[in-house]
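**Q** Sequence:
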Amino acid sequence: LKGVGVRVIGVDPQGDRSYAAESYRGPVALVFGSEGRGLRRLTRERCDDLVTIPMRGRIDSLNVSVAVGIVLFEVLRQRGDGV
Numbered sequence: 002l003k004g005v006g007v008r009v010i011g012v013d014p015q016g017d018r019s020y021a022a023e024s025y026r027g028p029v030a031l032v033f034g035s036e037g038r039g040l041r042r043l044t045r046e047r048c049d050d051l052v053t054i055p056m057r058g059r060i061d062s063l064n065v066s067v068a069v070g071i072v073l074f075e076v077l078r079q080r081g082d083g084v
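In this text, residue positions in the sequence shown follow the numbering used here: the first is 2, and each later residue adds one.
In short, the hints are calculated from the structure, not lab data. Heads up, some of the hints might be wrong.
[To be verified] Pairs of lysine to any residue residues, derived as SDA-like cross-links and limited to a Cα-Cα distance of at most 20 angstroms, are as follows:
1. K3 x D50
2. K3 x T44
3. K3 x E36
4. K3 x G37
5. K3 x F33
6. K3 x R45
7. K3 x R42
8. K3 x L31
9. K3 x D49
10. K3 x Y25
11. K3 x L43
12. K3 x C48
13. K3 x G27
14. K3 x D61
15. K3 x R38
16. K3 x A30
17. K3 x V29
18. K3 x V32
[To be verified] Quick list of the computed label-pair ranges, beta carbon to beta carbon:
19. V67 x V29: 17 to 25 angstroms
20. D17 x D61: 14 to 22 angstroms
21. L2 x S66: 35 to 43 angstroms
22. G4 x S24: 16 to 24 angstroms
23. G4 x R59: 39 to 47 angstroms
24. M56 x V5: 31 to 39 angstroms
None of these values were measured; they are calculated from a predicted model. We treat Cβ as the ideally placed atom computed from N, Cα and C, and that holds for glycine.
The whole structure should be built from the sequences, with the hints applied where relevant.
**A** Written out as structure tokens, the structure reads:
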């Protein structure tokens, strides 16, 4: 993907910043890890950027389908795709 100009963004509990602070303009691929452990080390290393979904209270992980929905909503919001 990187060879054709697609930026790879990993969504992981160890991400550098909040998913909402990331720019999703241009071609991007989102990579999500498992619910409990996140992305594997090698997958994390191959991502261009790592973001996280901040958690509060007693929640320490989200179902991956919920995480995808949260981040995709932000992608569409930034791109102005009618959200």
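**Q** Compare the structure with each hint and give your call.
**A** How the hints compare with the structure:
1. K3 x D50: Distance of about 12 angstroms is within 20 angstroms: holds.
2. K3 x T44: Given that 20 angstroms is the threshold and the Cα spacing comes to 13 angstroms, the pair holds.
3. K3 x E36: violated, 26 angstroms
4. K3 x G37: violated, 27 angstroms
5. K3 x F33: Since the Cα atoms of K3 and F33 sit roughly 17 angstroms apart, the hinted pair holds (cutoff 20 angstroms).
6. K3 x R45: At roughly 14 angstroms apart (the allowed maximum being 20 angstroms), R45 and K3 satisfy the hint.
7. K3 x R42: holds, 18 angstroms
8. K3 x L31: This hinted pair holds, its Cα atoms lying about 12 angstroms apart.
9. K3 x D49: Holds: K3 and D49 sit about 9 angstroms apart, inside 20 angstroms.
10. K3 x Y25: Distance of about 15 angstroms is within 20 angstroms: holds.
11. K3 x L43: holds, 15 angstroms
12. K3 x C48: holds, 9 angstroms
13. K3 x G27: Between K3 and G27 the Cα gap is close to 13 angstroms, so the pair holds against 20 angstroms.
14. K3 x D61: violated, 31 angstroms
15. K3 x R38: violated, 25 angstroms
16. K3 x A30: holds, 9 angstroms
17. K3 x V29: Cα-Cα ~9 angstroms, so holds.
18. K3 x V32: holds, 13 angstroms
19. V67 x V29: 17 to 25 angstroms: 20 angstroms Cβ-Cβ, so the 17 to 25 angstroms window holds.
20. D17 x D61: 14 to 22 angstroms: holds, 19 angstroms
21. L2 x S66: 35 to 43 angstroms: Once the Cβ atoms are compared, 22 angstroms apart, the range 35 to 43 angstroms for S66 and L2 is violated.
22. G4 x S24: 16 to 24 angstroms: holds, 21 angstroms
23. G4 x R59: 39 to 47 angstroms: For G4 and R59 the Cβ distance comes to about 42 angstroms; the hint holds.
24. M56 x V5: 31 to 39 angstroms: Distance hint for M56, V5 holds at roughly 34 angstroms.
When the structure is compared with the earlier hints, violations turn up for hints 3, 4, 14, 15 and 21 and for no others.
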